[in-house]
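There are 2 protein chains.
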Amino acid sequence: MATMHDNQLLDNGQGVIDPDTYFLRNNPPSNLAEFEAKTSEFVQYHKERNTPVVLITSGGTIVPLENQTVRFIDNFSAGTRGSVSAEKFLENGYAVIFMHRQFSLQPYSRHYTHSTNCFLDYMTLTEDGKIEVDAKYAAAMATTLAKYQKARSNNMLLLQDFVTLSDYLFKLKSGTRIMATLGRSAMYYLAAAVSDFFIPTEKMAEHKIQSRDGALTLTLDQVPKFLKPLVSVWASNGLIVSFKLETDEKLLVPKARQALEKYGHQIVVGNMLTTRKKTVTFITQDSERIVSLSQEELDNDVEIESKIISELLKYHRAWISHGTLEGQ
Amino acid sequence: MATMHDNQLLDNGQGVIDPDTYFLRNNPPSNLAEFEAKTSEFVQYHKERNTPVVLITSGGTIVPLENQTVRFIDNFSAGTRGSVSAEKFLENGYAVIFMHRQFSLQPYSRHYTHSTNCFLDYMTLTEDGKIEVDAKYAAAMATTLAKYQKARSNNMLLLQDFVTLSDYLFKLKSGTRIMATLGRSAMYYLAAAVSDFFIPTEKMAEHKIQSRDGALTLTLDQVPKFLKPLVSVWASNGLIVSFKLETDEKLLVPKARQALEKYGHQIVVGNMLTTRKKTVTFITQDSERIVSLSQEELDNDVEIESKIISELLKYHRAWISHGTLEGQ
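In the order they appear, the protein sequences are chains A and B. If you read the first sequence in the numbering used here, its first letter stands for residue 57, the second for the next number, and so on. If you read the second sequence in the numbering used here, its first letter stands for residue 57, the second for the next number, and so on.
Since the hints were derived computationally from the structure, they do not count as laboratory data. Heads up, none of these hints are tricks.
As the list makes no split between identical chains, a pair holds if one copy fits it or if it spans any two.
In silico lysine-lysine, BS3-like type, Cα no more than 30 Å apart, as pairs: (1) 94 / 192; (2) 306 / 259; (3) 363 / 206; (4) 281 / 370; (5) 333 / 203; (6) 259 / 281; (7) 333 / 311; (8) 206 / 192; (9) 370 / 206; (10) 192 / 203; (11) 281 / 94; (12) 186 / 203; (13) 363 / 318; (14) 284 / 318; (15) 284 / 259.
Values in this document were obtained by computation on a predicted structure and should not be read as measured data.
All chains should be built: construct the whole structure from the sequences, respecting the hints.
As structure tokens, this is what we get:
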């Protein structure tokens, strides 16, 4: 018995809805106004100082399966790529808007939040009952804290979050439209693992789906291709970098090229699920470039994001100068 | 167009598979042996000291939708009920095995891990660059840390985790079978939000499901009713408390009673999604008892788990004394 198959297009010729329709049919997140206010302030601050700004999206979006949400579909994404990249961009003088799945990895804190230690395992009590960071961790944590505090006090790092696909899409649209004023100085680093399928509100069960004898069938609609309006309308002249994660090697470059042709943006960073921490491929309209960590680099705990950002900075410099990827 | 419906039983009369078949068809988690060793040691330690032991399960299980997992179905569950309850059990002299969804809320650390502050927001640097806990948080954190460290140093708290439904079921079976030696001194506090539906390995796609025009249909099998063997075989004579979360008030008590009759355990703690932090209902074969926080208690930040555990301790004392819930 086949368990998964793609349905035919509906008889009326409708397949996937367009992004405008999505935004009309769904409610914006309750904190959208606050998101827009903080983002506008941050963008304006850096426009005045001519600092390049990157919007990084990180972590997975969820799609609820019921209106009173008990169950949802999620995308595997710890947020490693996004959070490590944020640190590298900051090191290189970029202002960073870090739009991440709530409770996923964040720059700097990432070293401590998702380990075998729980929060309190990093702490200890002195003899007179005062709390301090355990000496085992204190020096390294102080160094990391200093970098984090510097990024915050220099207003170089804006942290924003999302949970559902809907939160994400509304915030992505608002964020990119606000950043359009930066022209080519803006970069979009779309590392989030965005849901491909969802259940539209009008088709969703009100109450928790009940277990009954037999199987459960869920029919999900395809998520609108929002990258299209992002490239052609919202993000104006910025440099747009999307990501492709594959498990079948044969599909990686073809699908990346397909995306570039379909959406009209500039760069796809492709990686395979099992080797994404060691190797990535930069795919542009005209080129494919594989970047990997050498054994020596792996032994020295170099993170591949250093190399990713290094490459992207070359592309972005060319982009800012003359609006193409050439000359790097 | 209907989007969700329950299929008929298959022609051969097979509906949901039984738990034994589940365990035969699925691989145990790679760390099961370590889980069993630690659990056995903990249980033995407390058996010798006649300490009551509670196994708390907390957080949601996931079911993968592909073999090389990119997408999965998850159950909304921060782990509040389980983690707060663990603290109350510990306060009352119980040894606690806290089997939780990896990265969900844990006793004590829960006050710090899922807030608007990220990890490093709790820290500060002294003038000579040393790290310390920010004075704003230090006193309260020291108190919490002291409780946590006491529980650990007295070997009263064993932390174990799971991610997938499969991890959870194998560990639940092993854990309850190991605890059976405690007889009626064991309590099982099954607060985890366990998947009701899953895709069996043999029916799962190998690679990441591809987006194509049109909808995606997923057919999920019902998860075997493992509460049955837990009550009748694995957990022997312990006091078994299961939870029921509902969004439709009409269904809460009927479904709780249905579970008690179907599985033969002793107590269901029922709650409604929207009021679960203020009100719970204890349902036994013969009784229903609603327990709520008063306005004064709410104003004084009393947590409902204090009242839940207080009730359960009465039931458990009676259970330990004479094997029934009477006499409390």
